[in-house]
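Trainee: These protein sequence lines map, in sequence, to chains A and B.
The numbering used here applies: residue 1365 is where the first sequence begins, and numbers increase by one.
The numbering used here applies: residue -4 is where the second sequence begins, and numbers increase by one.
There's no promise every hint is true.
What the hints assert, rightly or not - Ranges between beta-carbon positions, derived for each pair:
#1 Pro293(B) to Arg1434(A): 48 to 56 Å
#2 Pro1381(A) to Ile16(B): 45 to 53 Å
#3 Pro277(B) to Ser1475(A): 39 to 47 Å
These are calculated hints, taken from the structure and not from any lab test.
Here a beta-carbon is modelled for each residue, glycine too, at the ideal position from N, C-alpha and C.
Listed below, chain by chain, are the residues.
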Amino acid sequence: MSNDILISARDLSVHFPLRGGLFGPKQVVRAVEGVSLDIEKGRFFGLVGESGSGKTTLGKALLKAAPITRGTVTYDDGEMRHELTEITAKGLKDYRSRSQLIFQDPYAALSPRMTVRDIIAEPLEVMGLTASREETDERVREIAAKCRLNLEHLRRFPHAFSGGQRQRISIARALVSNPRFVVADESVAALDVSIQADVLNLLKEIQQEMGLTFLFVSHDLSVVAHVCDHVAVMYLGRLVETAPTRELFAAPRHPYTKALLSAIPSLDPDDRGKAQKLEGEIPSPTNQPPGCKFQTRCPFAIDICRRDEPKLEHSSTGHEVACHRWKELMDDRSLQTA
Amino acid sequence: MTRLLDVENLTLQFDTDEGRITAVDNVSFARDAGQVMGLVGESGSGKSVTAKSLMKLNPSNAVYGPQTRITLHLDDGPVDVMALKSSKEMQVVRGGAISMIFQEPMASFAPAISIGDQMVEQLEIHTGMGPKRAREISIEMLDRVGISDASTRFKQYVFELSGGMRQRAMIAMALSTNPKLLIADEPTTALDVTIQAQVIDLMKDLVTDFGMGIVFITHDLGVIAQTADTVAVMYLGRLVEQGSVREVIRTSAHPYTNGLIAALPRLDDLDTPLTPIPGDIPSPLERPPGCVFNNRCPVSLGQRCIAEVPQFSPVTGTHQAACHLIDERAAAK
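Work out the full structure, taking the sequences as your base and the hints as a guide.
Mentor: Written out as structure tokens, the structure is:
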């Protein structure tokens, strides 16, 4: 494994058992299935997919906040190395300070009974990272300034803040322990467009300044296109395509990625109805189709797709795709408009 | 085209514990039949309450301004919506001439009554159909909106349907009474993009088939560009710009609309950095005086924008914006 890789997952699966009916069979939700991916240091790595694709669960599994059923996750920042499946309680404590999560809803993520200062200081106090109250205060002020919160703000309670400001408080709390790896789960989805741009710019700025590695989980492809430098697309718990952002948006290979891109409503009123429309909806993760998971909605599915599950194949530098027919679809122009 | 709706000087305030807050401030617009009007704005802009006012569907602490006039032009003559008092009288508009679909279809259907029973019930109330005919029409509508095996779905409950199916069923129910106007309040926001594309297509087809007018409320300018004929942009309870969809999106005139478009991440342009609108949307309790956008406006003229409420000035024939800058530019010429 190269030294530049911060997080590496191999054949990672997360299954949640469902309690079956009294006499019914036990069911299992296969939220994430056989995912292998490497996230390089300093990357702004995007993870996209629709609801039920397992993107949030994968993000949590990489933080060891979801039970890993199978496979391995290795974290290595040069100073410390953790195997998440074999991690000890002590190791986990260390890993918690090195990895953090920013939530979607800034209204639910902050305790209404704590001042902003206490909210941001809590990780430091819980993890015992600072020796004195003065040191804690200094760290809080420092990170608050980076997130464009002033001293006046620190004394107030969250209810006094707007959505954008609250999200900046959540970001400050996540970054105060000086983590190396941050998972941002739909962190701008609840914000208005005019505010969203501000938070995205802030995340990008901080990432560059602090040399962080971000996993940016989102359903919004336009947002991902603007902030991420590498993107992985998920469908029903599998990675279907991963590529550098520009490559993915310029030359998507998987039929699902193509459909997803063309489904984004264009801002051009004269560009109506050209989109490749997908039929049907994402299948339930308890009752998955055989073969390729996308075959039920794929306009190009043939027998092999219904039988064998495709593996990720190398397409070009850093670009991998899990489709039996990607080469054919790329070479044969007649299939592209089918 | 025939006129369907006139809204004049709509002002709406809410009595709350913190005082009376203004949600909609002197909004006027008119709609023709068979048109899709996009109503765009961010949270707190008053777009939903404006649409709900068309059938007086706001909660009981709502206070309408004395100048407010809403007129619906129906086949049997105009209806003055503000003059309707009892819920019996209101049935002319609610569910009769106007139907509404909401953002969250899970919350809009009763969970313990089958979808079919709910569809039949509203048809019986609003059209006086018998149960047998109502059942036929309902199944036909479910089929029309692309729900496979409609007669089975008719007997199912809302939790048995997926998100996209629920929204389709909602649309079927709203259209079965053959309304003149459909209010769609963020109908695709809770849906995934691939499903959103399906629902938008369906709605476009239905406009062509049924010829009703639609007020399409959304915060997503992309969705508006794909569906609407005309657009009205709201900010903090005021209408700041309106015009045809091409005019407003391509040559937006109000600094707020410009800001919204610049803040939008666009796939066709990955190099331009995102430009946020500075500051936050003020709370409705602290509405700025003069132009409501003056404290975030990058091109504010200062004193005039704080002192004076801007009125609509024409940009082109059908395109108007409420901004002092447009008058000043016109005066300078």
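Trainee: Each of the hints needs a verdict: does it hold here or not?
Mentor: Now the hints, each set against the structure:
1. Pro293(B) to Arg1434(A): 48 to 56 Å: 53 Å, holds
2. Pro1381(A) to Ile16(B): 45 to 53 Å: Holds: the Cβ-Cβ distance is about 49 Å, inside 45 to 53 Å.
3. Pro277(B) to Ser1475(A): 39 to 47 Å: 25 Å, violated
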